[in-house]
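Chains as they are written, first to last, in the working numbering: chain A, 197 to 616; chain B, 197 to 616.
Be a bit skeptical, because a hint or two may be false.
Since the list can't tell identical chains apart, any single copy or any two copies may satisfy a pair.
Claimed, not checked - Derived DSS-like pairs (lysine-lysine); straight-line CA-CA distance at most 27 Å:
| no. | residue 1 | residue 2 |
| --- | --- | --- |
| 1 | K205 | K362 |
| 2 | K291 | K330 |
| 3 | K276 | K569 |
| 4 | K521 | K505 |
| 5 | K291 | K269 |
| 6 | K276 | K452 |
| 7 | K276 | K563 |
| 8 | K225 | K330 |
| 9 | K291 | K325 |
In short, the hints are calculated from the structure, not lab data.
2 protein chains.
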Amino acid sequence: MLVNNIPYKTYLAESEIPNAWYNLRADMKVKPAPLLNPGTGKPLTADELTPIFCEELVKQELDNDTPYFPIPKEILDFYKMYRPSPLVRAYCLEKVLDTPARIYYKFEGNNTSGSHKLNSAIAQAYYAKQQGLKGVTTETGAGQWGTALSMACAYLGLDCKVFMVKVSYEQKPFRREVMRTYGASVTPSPSMETEVGKKILAEHPGTTGSLGCAISEAVEVAVKNPGYRYVLGSVLNQVLLHQSIIGLEAKAAFDKIGVRPDIIIGCAGGGSNLGGLIAPFMGEKLRGEADYRIIAVEPASCPSFTRGKFAYDFCDTGMICPLAKMYTLGSSFIPSPNHAGGSEGILPAPESSHAIRAAIDEALKCKESGEQKDILFGLTGTGYFDLKAYEQFNDGVMTDYIPTDEDLAKGFAGLPKIDA
Amino acid sequence: MLVNNIPYKTYLAESEIPNAWYNLRADMKVKPAPLLNPGTGKPLTADELTPIFCEELVKQELDNDTPYFPIPKEILDFYKMYRPSPLVRAYCLEKVLDTPARIYYKFEGNNTSGSHKLNSAIAQAYYAKQQGLKGVTTETGAGQWGTALSMACAYLGLDCKVFMVKVSYEQKPFRREVMRTYGASVTPSPSMETEVGKKILAEHPGTTGSLGCAISEAVEVAVKNPGYRYVLGSVLNQVLLHQSIIGLEAKAAFDKIGVRPDIIIGCAGGGSNLGGLIAPFMGEKLRGEADYRIIAVEPASCPSFTRGKFAYDFCDTGMICPLAKMYTLGSSFIPSPNHAGGSEGILPAPESSHAIRAAIDEALKCKESGEQKDILFGLTGTGYFDLKAYEQFNDGVMTDYIPTDEDLAKGFAGLPKIDA
Chain A
197 MLVNNIPYKT
207 YLAESEIPNA
217 WYNLRADMKV
227 KPAPLLNPGT
237 GKPLTADELT
247 PIFCEELVKQ
257 ELDNDTPYFP
267 IPKEILDFYK
277 MYRPSPLVRA
287 YCLEKVLDTP
297 ARIYYKFEGN
307 NTSGSHKLNS
317 AIAQAYYAKQ
327 QGLKGVTTET
337 GAGQWGTALS
347 MACAYLGLDC
357 KVFMVKVSYE
367 QKPFRREVMR
377 TYGASVTPSP
387 SMETEVGKKI
397 LAEHPGTTGS
407 LGCAISEAVE
417 VAVKNPGYRY
427 VLGSVLNQVL
437 LHQSIIGLEA
447 KAAFDKIGVR
457 PDIIIGCAGG
467 GSNLGGLIAP
477 FMGEKLRGEA
487 DYRIIAVEPA
497 SCPSFTRGKF
507 AYDFCDTGMI
517 CPLAKMYTLG
527 SSFIPSPNHA
537 GGSEGILPAP
547 ESSHAIRAAI
557 DEALKCKESG
567 EQKDILFGLT
577 GTGYFDLKAY
587 EQFNDGVMTD
597 YIPTDEDLAK
607 GFAGLPKIDA
Chain B
197 MLVNNIPYKT
207 YLAESEIPNA
217 WYNLRADMKV
227 KPAPLLNPGT
237 GKPLTADELT
247 PIFCEELVKQ
257 ELDNDTPYFP
267 IPKEILDFYK
277 MYRPSPLVRA
287 YCLEKVLDTP
297 ARIYYKFEGN
307 NTSGSHKLNS
317 AIAQAYYAKQ
327 QGLKGVTTET
337 GAGQWGTALS
347 MACAYLGLDC
357 KVFMVKVSYE
367 QKPFRREVMR
377 TYGASVTPSP
387 SMETEVGKKI
397 LAEHPGTTGS
407 LGCAISEAVE
417 VAVKNPGYRY
427 VLGSVLNQVL
437 LHQSIIGLEA
447 KAAFDKIGVR
457 PDIIIGCAGG
467 GSNLGGLIAP
477 FMGEKLRGEA
487 DYRIIAVEPA
497 SCPSFTRGKF
507 AYDFCDTGMI
517 CPLAKMYTLG
527 SSFIPSPNHA
537 GGSEGILPAP
547 ESSHAIRAAI
557 DEALKCKESG
567 EQKDILFGLT
577 GTGYFDLKAY
587 EQFNDGVMTD
597 YIPTDEDLAK
607 GFAGLPKIDA
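When you get a sec, could you build the whole thing from the sequences and use the hints?
What follows is the structure, given as structure tokens:
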């Protein structure tokens, strides 16, 4: 037990990087609801998915039974360029809060893509390359996923076509330039390059775009062009599988310093970080081996978990993608722009700040009660390319909007009529 | 000897972080030329320097004899938030070059300031705090130093006033916002807040500013306001002392993997990175204990070392700062904007790319000769906030200019008349 002599940063040796991803579904008694064909309402088969996704990724997507998937050597070699990521003891934050709690964070921002998204991007690009494909298409909003995929494709010599939500394309020129620097083609969405883009532009000439629209365009291009497939950085089972590397490393690092966390906190949107961070801990819970308090944090401006419905919904505006069962506010819901603050000498990504806030709240509760809990949160990335929001905050012109019940009712009205 | 099994990243343990800075001057037989009083032309005394710099830093600046300065515990604790920095084996770059050479880089970009500048910023801010000062003033061009100092001052609760060259203030709004987020006040220079700024604006109403002008403004504010001192991120002896942590860590990491580098490469402008990286290796050379080939790399657009004169010159436009003996193009020389490319999944700072280019050239020579040299270069920082230049390059509108002999002659004409 080294509890009293914990370093600021615990690194695993490269030889200790986990060599298999963990599939939480294998330990779930109630399996996740299947993706549905939006046309028939029936569960999608592997054959229906292979025109959209790489074959190996379809297997990973549909496999609810295999607990571990070996990580191919080529992916492990790429991981070694930026992994293992450190498990950091937040001594400075503890001191500022004057709390008896011990706060740790798993920091995924130390790579050029600036976030954990690279963990899945390299895996998806690798399988596309293995299948002999020419390239991949995707969408990106904030740009983290697009950046990560561009890096991975550059490394493997794959073509990369990114549809970037038009408002981000214009407001985040630096994200766009990182992607271009890695050789990706970046198209503002909606565009005139796809049927769905033309249709949306005809109906809404001044639209600044949305993630749902960009997904539709990326899927259309992948399906229509031989040698291309579509890849996605969040939401899917395969992504959570790859991101389990975060939690597996965190758990191994905790074992090394003889600590078992009491509370695990992650920000949640598409779920790639949260699902990856908690995977092995949740596995222990499911197998009855240990108990952890797990907290998912989301912005009040986009309250999917806290005020949404657990229902099947569309994933894209064009309604050509599989239907997924999830906490949803309806595919027509558009959240207000949101933002957040900083800590520990790191300028966090806005979404990571939600997790930091929850960790601070828990640490302050410990201060009240005198408990010395061990609190882990996921610091998923840096906010270096989100500084427009920081500028607005510093200038006092940042606005935020928490949706009313009426706003939510409008979104729910668009849910597809599928038996929940 | 682990030469055949070198990890991608070699980290020292936190307990192995060097606990003293190394003062290369102690091993120099010919000591560096002293700073001169611009009024009298005589070497500056400690008494003359203390109105400008903190007392402890004046001592460090003038000490040519003490080989090691212990690093205060508070600074070591801060270092542990982001140090030790990794010594990385550039396996991917080696593979792409198909070279027998082994390439390593010491990566200093993994902190929010994005560069090695934080190593000296925290030291200078610490001594200001120890002296009971209210705050510090400085100038910043590209913004790395200003960002680093803002971080350090926020950590210690010191006031921080940054004069940012006006053209950078406008072209690098994100750098500016990082500084503001850390609570610094950022003023575009020249400004109406100082006498020297007013004078320059009256003479050149449309000027976009220069580093020399920003220095003059920062020094003026420091000298006129009780409780303030001026700090500088490069050029000075004290800065090279603090930056020796880079080289000391690199050397310790090499010892750990049983490697002795043949070639050490650093980009050179103000010298803070180069001086820090090579310090302990150069010390061994001076003491006759080992030999290394050391290469300083600079852009052809600003050829101080390769085409400049070794002479006393002004450090600022206002001519109120000490005169320093250095390779100079004359204080009136204004370089063309310059830029550079990338490697190893990292988007490097433009200046770091100069070192990368030199490392590639040396590795390709090894490919020709079949030699298996060990090549180290300093990767001083990331280019996340320099993406305007990448955008111009990607758009094919980047221009560069290599000065003619006539350009240089104009600069040299402004050198002060001091016995060289």
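Tested hints:
| no. | hint | verdict |
| --- | --- | --- |
| 1 | K205 - K362 | neither (39 Å within a copy, 38 Å between copies) |
| 2 | K291 - K330 | between (52 Å within a copy, 22 Å between copies) |
| 3 | K276 - K569 | between (32 Å within a copy, 23 Å between copies) |
| 4 | K521 - K505 | within (10 Å within a copy, 71 Å between copies) |
| 5 | K291 - K269 | between (41 Å within a copy, 16 Å between copies) |
| 6 | K276 - K452 | both (19 Å within a copy, 19 Å between copies) |
| 7 | K276 - K563 | between (39 Å within a copy, 25 Å between copies) |
| 8 | K225 - K330 | neither (39 Å within a copy, 61 Å between copies) |
| 9 | K291 - K325 | between (48 Å within a copy, 18 Å between copies) |
Violated hints, listed in ascending order, are 1 and 8; each of the other numbered hints is respected by the structure.
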